[in-house]
Amino acid sequence: MTWVNAVIQGVLLGGQYALIACGLSLAFGVMRIVNLAHGDLAVCGAYLGLVLSSALGVPVWVTLPLLLPTAFAVGALLQVTLFARALRHGVLAPVLVTFGLSVMIENLLQEAATSDPRGLNGGSLALASFHITSGITVSWLFMTAFLTACAVLSGLQLLLSRTNWGRQVRAIADDLDTARLVGIRVRPLFATVAGIAVATAALAGVFIGTIGTFDPLAGANTLIFAFEAVVIGGLGSLWGTLAGGVALGVTQVVVGQVNQAYAVLAVHLLFLGFLAVRPTGLFTAPSSRLGALG
Amino acid sequence: MTTVTVSRWSRTATASTAVAVVVVVLLAAVPYVLGGPAEQPLITLLTFVAMASLWNLLAGFSGLTSFGQHAYLGLGAYALYLVAAHGVNPWPGIAAAAVIAAVISLPVSMLVLRLSGGYFAVATLVVAAVFQIAVTLSPSVGGTTGVSVPGLAGYSPVLREALIYWATLVVAVASVAGVYLLVRRTFGLDARAVGSDPVAAASLGVRVGRSRRLAYLIAAGGAGAVGALIALQTLYVEPTSVFNVQYSVYMLFMVLVGGMGTIEGPVIGALVLFGLQEALSSYGAWYLVIVGGLAAAATLVASRGLWGLVSERFGWSLLPVGYRVLPKRKA
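Chains as they are written, first to last, in numbering that gives the first Met the number 0: chain U, 0 to 293; chain W, 0 to 330.
It is possible that some hints are incorrect.
[To be verified] Sample of chain W residues facing chain U (criterion: CB under 7 Å; computed from the structure):
#1 Ala120
#2 Ala128
#3 Gly291
[Said to hold, decoys possible] Chain W is faced by these chain U residues, among others (derived, beta-carbon under 8 Å):
#4 Leu35
#5 Ala85
#6 Val90
#7 Phe98
#8 Val102
#9 Met103
#10 Leu107
#11 Glu110
#12 Ile223
#13 Glu227
#14 Phe270
#15 Ala275
Worth flagging that the hints you see were computed from the coordinates, not collected in a lab.
Here a beta-carbon is modelled for each residue, glycine too, at the ideal position from N, C-alpha and C.
With the hints as extra help, turn the sequences into a complete structure.
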């Protein structure tokens, strides 16, 4: 029964990884940018949640209507001011610029908020749980995180496949130059995509901060896990990202059941194993989106 | 029709090579002339020079932006501990650490070189995390607490300091000269072709995989030697300090600010970082904010770095790696 429990908890944990990863996947698929500050932006979202919820004296969920638009605006602004310029300087520049940004964010947070680990006020939801059977208890918080991840992924999928915005984004992802030729205005579209990527990262950051703790340097590991979920799932495939996140989460919890010290190592080895055996991931996306494979 | 000559060498290059040789000789004499107080800062500077030149081989010449080179610094430090613990003299141990790091990097390169660009960069971070966790979980190398480096007890502090200084000088000169001589060969042309466009390079018959792998192996081996030096300098090896991403941040800063893809740039970048560290190290995290910010700004504003600005302005190339086309002189 403990194993069944471990798998269930792992699946739920995987939802959180997928939630961080979907923004990374979207930004790469559309703009061909691997944002190395993505994890740090998620941690910034958690700190913003901390500031807002303690200033207003409410659980962090209440601050989301303020927090998410702010994160969206930050993402759009970063795209317009920084990423767009970096993309014009060739393929290496975005990698170098976003890594520099990541170093700046981590150390600014350290100056502003000290390196003490923090947690977020999740209200009554943080402590509530329900029983599936006598041996398996599921936290509502984990369940909410997983369902939110599924909702965000479905929402994105619907936006991409059904709306005019989505058609334009897919056209850009397939062929930027042709999309420009047929009159798609790329700049505002890129800004909205970057905004969505950062907003989903901030949302994931809020869940990370409510479920566990975070500190200024937590972004590096957050980025690595998100990246592993994207590669295992298959680059450019949103549902693949969920599958990748779930694979990571299950591995982490099941190995942690045996020995907690090996849990994170096992996750990294799973990723390296995928790189060795199936570098295109579980769900192979259309070939045009596999630009990251050398 | 004008006739032209194609030349690589120039009088400036002869002069600057001579100056470089003189500087190295002067540096080698420092322990006799100036002694201890001058050695410590120069060891830091020379370590920076070695790290920057090696990272430049990866990112500047081959287009491989690895942010996980601290993986091989850490491996080199632990390799030095292991060979020293088995009774090997620590000085040849530095070379052994370089070889061990390069050997370990071979299987790693087969995995991470399947990716490119940003994905390669994050994969190298994963590799560094794997090595750090693996070391932390190994009681034989001290786990989380770390180990003291043996084999140096027999030396007097003055002699030990001087020997570490000379070893660092050798590694730094070998890194700069090694990268210089390497990129002047066919490998340099191949690597730069692969760095700017792998598909086009492959279509012209460049063996892309081999060129990338060679750069990755050499950079890893060099980082292993630098890691061994760090272990000798600190006399204590601890996972969180040797597997520190800060080293990779420094490499990035020095190469971007100094000038990517040139021999002179990383040396200038090392001098700039050294100066910044002296001036700002008391400001704690702000120091790294500035380092990260300047690196990003250099990419966007001056993508060829400080050396690029100078060489464009004056047309200098002190240690040329390319060719110049000049109008033919009258006989």
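Would you pick out the hints that fail for this structure and give their numbers low to high?
none
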